[in-house]
Amino acid sequence: MDSDGRVFALECMSTDTIADLKKKVCALKKELPIQDQRHVFRGFQMGDTMRLADSNIKEGSTLHLVIGMIGGGAGPYVIILV
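One point on numbering: in numbering that gives the first Met the number 0, the residue at position 70 of the sequence shown is 69, and numbering is uninterrupted.
Be aware that a few hints might be false.
Unchecked claim - Cut-off 20 angstroms, straight-line C-alpha distance, at most; resulting in silico cross-link-like pairs (EDC-like, lysine to aspartate or glutamate): (1) LYS23 <-> ASP47; (2) LYS22 <-> GLU10; (3) LYS22 <-> GLU58; (4) LYS29 <-> ASP19; (5) LYS22 <-> ASP47; (6) LYS57 <-> GLU10; (7) LYS23 <-> GLU10; (8) LYS57 <-> ASP19; (9) LYS23 <-> ASP35; (10) LYS57 <-> ASP15; (11) LYS28 <-> ASP15; (12) LYS23 <-> GLU58; (13) LYS57 <-> ASP47; (14) LYS28 <-> GLU10; (15) LYS29 <-> ASP47; (16) LYS29 <-> GLU10; (17) LYS22 <-> ASP35; (18) LYS28 <-> ASP53; (19) LYS23 <-> ASP53; (20) LYS29 <-> ASP53.
Claimed, not checked - Distance windows between CB atoms, simulated: (21) ASN55 <-> GLU30: 28 to 36 angstroms; (22) LYS57 <-> VAL6: 25 to 33 angstroms; (23) HIS63 <-> LYS22: 15 to 23 angstroms.
Simulated from the structure, these hints should not be mistaken for laboratory data. For glycine and all other residues, C-beta sits at the position ideal for the given N, C-alpha and C.
Given only the sequences and the hints, what does the whole structure look like? Please build it.
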């Protein structure tokens, strides 16, 4: 994780879904509730049921996390998969 907490690494498996990823993010950063997370990979917002492997997301991939909160909110965050 970087000094301001906006770039962090997550350990994931290829069989994980975006919903699994959201749970891991929330466990690491409680201020980022699951329902407000929007994960973007290569310019496309990822659906909760999408598996990482099916979207060609693998170790070393970078996802962008945008927080969809009323009034704006924090973000963007960067997630690097390890």
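Right, here's what the structure says about each hint:
Between LYS23 and ASP47 the CA atoms are separated by roughly 13 angstroms; this keeps the pair inside 20 angstroms, and the hint holds. At most 20 angstroms may separate the alpha-carbon atoms for a hinted pair to count; LYS22 and GLU10 meet this at roughly 12 angstroms. About 18 angstroms separates the Cα atoms of LYS22 and GLU58, which keeps this hinted pair within 20 angstroms; it holds. Taken as a hint, the LYS29 and ASP19 pair is honoured in the structure, with Cα atoms around 15 angstroms apart against an allowance of 20 angstroms.
For a cut-off of 20 angstroms, the pair hint linking LYS22 to ASP47 stands: about 11 angstroms separates their Cα positions. Of the supplied pair hints, the one linking LYS57 and GLU10 holds, its CA atoms being roughly 10 angstroms apart against a limit of 20 angstroms. The suggested pairing of LYS23 with GLU10 holds, with an alpha-carbon distance near 9 angstroms, which does not exceed 20 angstroms. About 14 angstroms separates the Cα atoms of LYS57 and ASP19, which keeps this hinted pair within 20 angstroms; it holds.
For the suggested pair LYS23 and ASP35, the alpha carbons sit about 14 angstroms apart, so the restraint of at most 20 angstroms is met. Under the criterion of a C-alpha separation no larger than 20 angstroms, the hint pairing LYS57 with ASP15 is consistent with the structure, at around 10 angstroms. Distance restraint check for LYS28 and ASP15: the Cα-Cα separation of roughly 19 angstroms lies within the 20 angstroms cut-off, and the hinted pair is therefore satisfied. As the CA atoms of LYS23 and GLU58 are separated by approximately 16 angstroms, the hinted pair is consistent with the 20 angstroms bound.
Restraint check for LYS57 and ASP47: the C-alpha separation of about 17 angstroms stays at or below 20 angstroms, so the hint holds. At most 20 angstroms may separate the alpha-carbon atoms for a hinted pair to count; LYS28 and GLU10 meet this at roughly 14 angstroms. In summary, the hint linking LYS29 to ASP47 is supported, as the alpha carbons are separated by about 19 angstroms, within the 20 angstroms threshold. Between LYS29 and GLU10 the alpha-carbon distance is near 17 angstroms, which keeps this suggested pair within the 20 angstroms criterion.
In summary, the hint linking LYS22 to ASP35 is supported, as the alpha carbons are separated by about 12 angstroms, within the 20 angstroms threshold. For the proposed pair LYS28 and ASP53, the alpha carbon gap of about 26 angstroms is over 20 angstroms, so the pair is violated. The hinted pair formed by LYS23 and ASP53 meets the criterion: a straight-line CA distance of about 19 angstroms does not exceed 20 angstroms. Taking the CA atoms of LYS29 and ASP53, the gap is about 28 angstroms. The hint is violated against a cut of 20 angstroms.
About 30 angstroms separates the C-beta atoms of ASN55 and GLU30, a value consistent with the hinted range of 28 to 36 angstroms. For the hinted restraint 25 to 33 angstroms between LYS57 and VAL6, the CB-CB distance of approximately 18 angstroms leaves it violated. Taken as a hint, the range 15 to 23 angstroms holds for the pair HIS63 and LYS22, whose Cβ atoms sit roughly 18 angstroms apart.
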